[in-house]
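2 protein chains.
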Amino acid sequence: METLWEYRYAYRMKSMKSSVIRELLKLTQKPEIISFAGGLPAPKIFPVKEFQEAAYRALENNAEKALQYGTTEGYLPLREMIAERSARYGLKINASNVAITSGSQQALDLIGRLFINRGDKIIVENPTYLGALQAWNAYGADYIPVPMDKEGMITSELEKALRKGAKFIYVLPNFQNPSGVTLSLQRRKELVELADRYGTPIVEDDPYGQIRFEGEHLPPVSVIDSEYREQEGSSYDSNVIYLSTFSKLLAPGIRIAWVIGAEGVIRKLVQAKQGADLHTSSFNQISVYEISQNNFLDKHVEVIRATYKVQRDAMLEAMDEFFPAEVKWTHPKGGMFLFVTLPKNLDATELFEKAIKKNVAYVPGVAFHALGGGKNTMRLNFSYPDSDTIREGIARLGNMLKEEIYVK
Amino acid sequence: METLWEYRYAYRMKSMKSSVIRELLKLTQKPEIISFAGGLPAPKIFPVKEFQEAAYRALENNAEKALQYGTTEGYLPLREMIAERSARYGLKINASNVAITSGSQQALDLIGRLFINRGDKIIVENPTYLGALQAWNAYGADYIPVPMDKEGMITSELEKALRKGAKFIYVLPNFQNPSGVTLSLQRRKELVELADRYGTPIVEDDPYGQIRFEGEHLPPVSVIDSEYREQEGSSYDSNVIYLSTFSKLLAPGIRIAWVIGAEGVIRKLVQAKQGADLHTSSFNQISVYEISQNNFLDKHVEVIRATYKVQRDAMLEAMDEFFPAEVKWTHPKGGMFLFVTLPKNLDATELFEKAIKKNVAYVPGVAFHALGGGKNTMRLNFSYPDSDTIREGIARLGNMLKEEIYVK
Numbered sequence: 014m015e016t017l018w019e020y021r022y023a024y025r026m027k028s029m030k031s032s033v034i035r036e037l038l039k040l041t042q043k044p045e046i047i048s049f050a051g052g053l054p055a056p057k058i059f060p061v062k063e064f065q066e067a068a069y070r071a072l073e074n075n076a077e078k079a080l081q082y083g084t085t086e087g088y089l090p091l092r093e094m095i096a097e098r099s100a101r102y103g104l105k106i107n108a109s110n111v112a113i114t115s116g117s118q119q120a121l122d123l124i125g126r127l128f129i130n131r132g133d134k135i136i137v138e139n140p141t142y143l144g145a146l147q148a149w150n151a152y153g154a155d156y157i158p159v160p161m162d163k164e165g166m167i168t169s170e171l172e173k174a175l176r177k178g179a180k181f182i183y184v185l186p187n188f189q190n191p192s193g194v195t196l197s198l199q200r201r202k203e204l205v206e207l208a209d210r211y212g213t214p215i216v217e218d219d220p221y222g223q224i225r226f227e228g229e230h231l232p233p234v235s236v237i238d239s240e241y242r243e244q245e246g247s248s249y250d251s252n253v254i255y256l257s258t259f260s261k262l263l264a265p266g267i268r269i270a271w272v273i274g275a276e277g278v279i280r281k282l283v284q285a286k287q288g289a290d291l292h293t294s295s296f297n298q299i300s301v302y303e304i305s306q307n308n309f310l311d312k313h314v315e316v317i318r319a320t321y322k323v324q325r326d327a328m329l330e331a332m333d334e335f336f337p338a339e340v341k342w343t344h345p346k347g348g349m350f351l352f353v354t355l356p357k358n359l360d361a362t363e364l365f366e367k368a369i370k371k372n373v374a375y376v377p378g379v380a381f382h383a384l385g386g387g388k389n390t391m392r393l394n395f396s397y398p399d400s401d402t403i404r405e406g407i408a409r410l411g412n413m414l415k416e417e418i419y420v421k
Numbered sequence: 014m015e016t017l018w019e020y021r022y023a024y025r026m027k028s029m030k031s032s033v034i035r036e037l038l039k040l041t042q043k044p045e046i047i048s049f050a051g052g053l054p055a056p057k058i059f060p061v062k063e064f065q066e067a068a069y070r071a072l073e074n075n076a077e078k079a080l081q082y083g084t085t086e087g088y089l090p091l092r093e094m095i096a097e098r099s100a101r102y103g104l105k106i107n108a109s110n111v112a113i114t115s116g117s118q119q120a121l122d123l124i125g126r127l128f129i130n131r132g133d134k135i136i137v138e139n140p141t142y143l144g145a146l147q148a149w150n151a152y153g154a155d156y157i158p159v160p161m162d163k164e165g166m167i168t169s170e171l172e173k174a175l176r177k178g179a180k181f182i183y184v185l186p187n188f189q190n191p192s193g194v195t196l197s198l199q200r201r202k203e204l205v206e207l208a209d210r211y212g213t214p215i216v217e218d219d220p221y222g223q224i225r226f227e228g229e230h231l232p233p234v235s236v237i238d239s240e241y242r243e244q245e246g247s248s249y250d251s252n253v254i255y256l257s258t259f260s261k262l263l264a265p266g267i268r269i270a271w272v273i274g275a276e277g278v279i280r281k282l283v284q285a286k287q288g289a290d291l292h293t294s295s296f297n298q299i300s301v302y303e304i305s306q307n308n309f310l311d312k313h314v315e316v317i318r319a320t321y322k323v324q325r326d327a328m329l330e331a332m333d334e335f336f337p338a339e340v341k342w343t344h345p346k347g348g349m350f351l352f353v354t355l356p357k358n359l360d361a362t363e364l365f366e367k368a369i370k371k372n373v374a375y376v377p378g379v380a381f382h383a384l385g386g387g388k389n390t391m392r393l394n395f396s397y398p399d400s401d402t403i404r405e406g407i408a409r410l411g412n413m414l415k416e417e418i419y420v421k
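Chains U and L supply the protein sequences, listed in that same order. Heads up: the first sequence begins at 14 in the numbering used here, then just goes up one per residue. Heads up: the second sequence begins at 14 in the numbering used here, then just goes up one per residue.
FYI, nobody ran anything at the bench for these hints, they're computed from the structure. Hints should not be assumed to be uniformly reliable.
Note that identical chains are pooled: a pair holds if it fits in a single copy or bridges any two copies.
What the hints assert, rightly or not - Below, in silico cross-link-like pairs of lysine-lysine (DSS-like), each with a Cα-Cα straight-line distance of 25 Å or less:
#, residue 1, residue 2
1, K370, K388
2, K78, K62
3, K43, K78
4, K39, K78
5, K173, K367
Take the sequences, apply the hints, and build the full model.
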């Protein structure tokens with residue numbers, strides 16, 4: 014029986030239908046399935062003992078703050094710590110440029126709330142992060158997808174998109190989800206120049222930037238933007254809103270992320286957050302601050318890098334061995350994902366059930382394409398399964414692909 | 014210097030101006046001020062040791078779940094526990110009727126997201142909870158305030174409001190914030206009948222229901238609604254969405270609340286939450302589940318009741334002693350607030366600075382009036398300050414009021 018509520022949904026519910034992809038992914042839960050579909054950090058390196066100690070200390074020394082209502086912008090020592098750590102990457106900011114959010118998903122949502130009116134166009138990479146599309150669909154966003162190559166978003170295509178008029182550009186410059194691609198330095202500069210020329214601001218989403226296995230760290234788009242506009246003094250007035258998170262550096266279950274922006278933008282984001290959830294858990298913020306002391310965060314990031322590098326190598330090696338030559342894939346220098354392109358006549362969504370029968374799973378790439386397309390692509394995750402499991406799963410997937418390509 | 018972002022705010026930002034009230038409340042932070050302005054639980058009874066143990070156990074026995082991404086609807090054992098506890102109050106529900114939210118503020122926000130289109134009318138009590146107005150302003154809501162008396166929302170006035178057409182009715186039936194008033198049983202029945210007659214669903218916000226100091230517990234509006242419509246069997250298909258929270262039962266800093274609704278409504282709320290913050294901290298959900306074991310939650314609620322009762326009594330006694338006869342106030346049987354009505358010619362917002370000079374603070378009642386009004390009212394909190402502090406603060410406030418009423 015339907016209740017009165019069910020006749021009364023707002024227009025934005027229409028864009029919230031349960032997706033085919035989500036239904037497919039329910040099939041990946043069975044224990045016999047090797048899943049490359051998720052986006053989960055490896056639990057074997059969760060800092061469990063350190064969290065126990067940090068939570069204990071948070072309540073031993075700071076119980077009243079940890080258990081009480083807190084400020085919407087977040088715990089000041091944590092925001093100061095983030096500002097200090099960001100200086101390493103060239104961001105000249107202080108705590109007033111930082112707000113804590115309940116995961117980066119909330120930052121994406123608040124950006125939608127602040128900036129997106131129904132029908133506004135957002136420029137996104139093609140493919141792009143599914144969670145951003147989910148967040149902004151709720152505000153009635155339209156999308157202009159820009160194709161990518163090995164250096165990221167193709168700048169000439171970006172310019173065409175900018176001419177159509179967009180509210181902002183959304184970019185994941187490092188080891189992008191889902192493609193694993195990193196935006197090159199030259200492209201970062203061109204992105205900033207074009208954005209400035211067309212008066213279009215940028216959202217830089219950087220959950221994986223610190224999880225680099227090899228090569229040189231590249232300056233964030235926000236830093237290049239500040240330099241391009243010859244910003245003077247120490248105040249951050251970049252046209253870039255920068256997002257990152259402790260989900261990949263410590264653990265996602267604590268839901269602590271942050272957003273960096275010009276002071277005026279942060280103030281508005283904080284106002285929007287007040288209506289959304291008042292503030293992020295004080296207990297978790299103080300625990301994250303505590304666990305990060307004595308250089309633990311840096312040491313732990315090294316462990317993550319080493320672990321995921323081994324697993325990425327295992328995946329790439331197994332793909333070389335088991336995948337047919339007609340199949341191509343990206344070679345990410347960090348992060349958690351790589352992206353596979355099948356011959357044009359294959360459809361990764363159709364193949365999904367066959368993969369499940371072989372007890373292996375992935376995410377069909379079509380899910381990450383804002384306006385459709387990418388039928389012959391798939392995303393594979395290498396952060397969750399260990400190397401032996403990866404090898405076995407890639408062998409199963411390779412067999413399935415060989416059957417499709419050679420037998421049919 | 015303004016960044017490009019600042020020219021691009023969405024329409025909904027216009028309703029998010031920094032309020033006069035919020036500016037006033039910044040004045041209450043000084044240590045010499047006795048503040049009745051906040052809405053904070055008493056930190057002296059925070060279960061600190063129990064939280065330390067619960068967090069330790071969550072990580073000792075369940076680390077992978079506690080630190081990993083979780084499901085959007087929330088930790089199943091916690092949702093089952095909430096369903097079981099709700100049965101005491103007559104709610105016939107199971108876990109599929111329960112979703113965990115990041116504080117009740119998020120539940121209010123998600124309700125706005127699901128149901129409010131710009132210009133939709135929401136029926137609210139007058140005065141009503143400020144956080145609901147904040148959440149729904151972001152979706153462009155309009156309000157129809159219904160006056161209250163000692164028994165809550167006046168039903169004949171509610172009927173007039175319903176004739177104007179409303180998306181839903183928002184009601185805080187127990188020890189309402191800000192008034193402290195409880196909706197009587199007769200009025201609850203009339204509310205359900207009228208809502209049914211006009212086909213208008215209800216949001217029942219019940220953060221304080223368990224914090225009752227005296228008198229009989231009244232059945233929730235959602236239970237009366239199910240009974241009224243002669244619901245059969247055990248499935249919950251009430252026209253009421255019911256909200257409550259652990260913020261008042263355990264601690265607000267952990268940000269764990271819940272929403273109860275018909276299964277179809279919960280499914281949509283969960284979809285909306287996925288875009289908003291993916292899920293609420295797994296660590297905190299498991300910690301709350303752990304701390305609630307072995308009857309601790311019930312025992313702790315008894316401590317809260319006893320503590321706040323003493324403080325409420327101290328406030329009422331002091332008001333009898335120090336307040337001029339021209340001033341009236343409510344006598345809440347639970348919760349955290351009472352509401353003061355001054356003679357019509359006095360303006361509590363204007364008096365605020367005088368109160369601050371006497372080192373005492375409150376929230377001017379106008380903040381809780383959706384369409385203005387209530388200038389001669391104020392909200393006082395009795396959960397945070399202890400009895401001696403309450404007595405001293407009420408004496409200061411009484412002196413200020415006497416000067417205003419008798420000297421001028």
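Worksheet item: Within a copy, between copies, both or neither: where do K370 and K388 come within 25 Å Cα-Cα?
Response: Within one copy, since 20 Å is at most 25 Å while 69 Å is not.
Worksheet item: For K39 vs K78, is the C-alpha pair at or below 25 Å within one copy, between two copies, both, or neither?
Response: Cα proximity of K39 and K78: across copies only (18 Å, versus 40 Å in one copy).
Practice prompt. Could you figure out if K43 and K78 sit no more than 25 Å apart (CA to CA) within one copy, between two copies, both or neither?
Written response: between (42 Å within a copy, 17 Å between copies)
Worksheet entry | 25 Å Cα threshold - placement of K367 relative to K173 | neither (39 Å within a copy, 61 Å between copies)
Discussion item. When Cα atoms must be at most 25 Å apart, do K78 and K62 count as within-copy, between-copy, both, or neither?
Written reply: For K78 and K62, both the intra-copy (23 Å) and inter-copy (15 Å) Cα distances are at most 25 Å.
Of the numbered hints listed earlier, the single one contradicted by the structure is hint 5.
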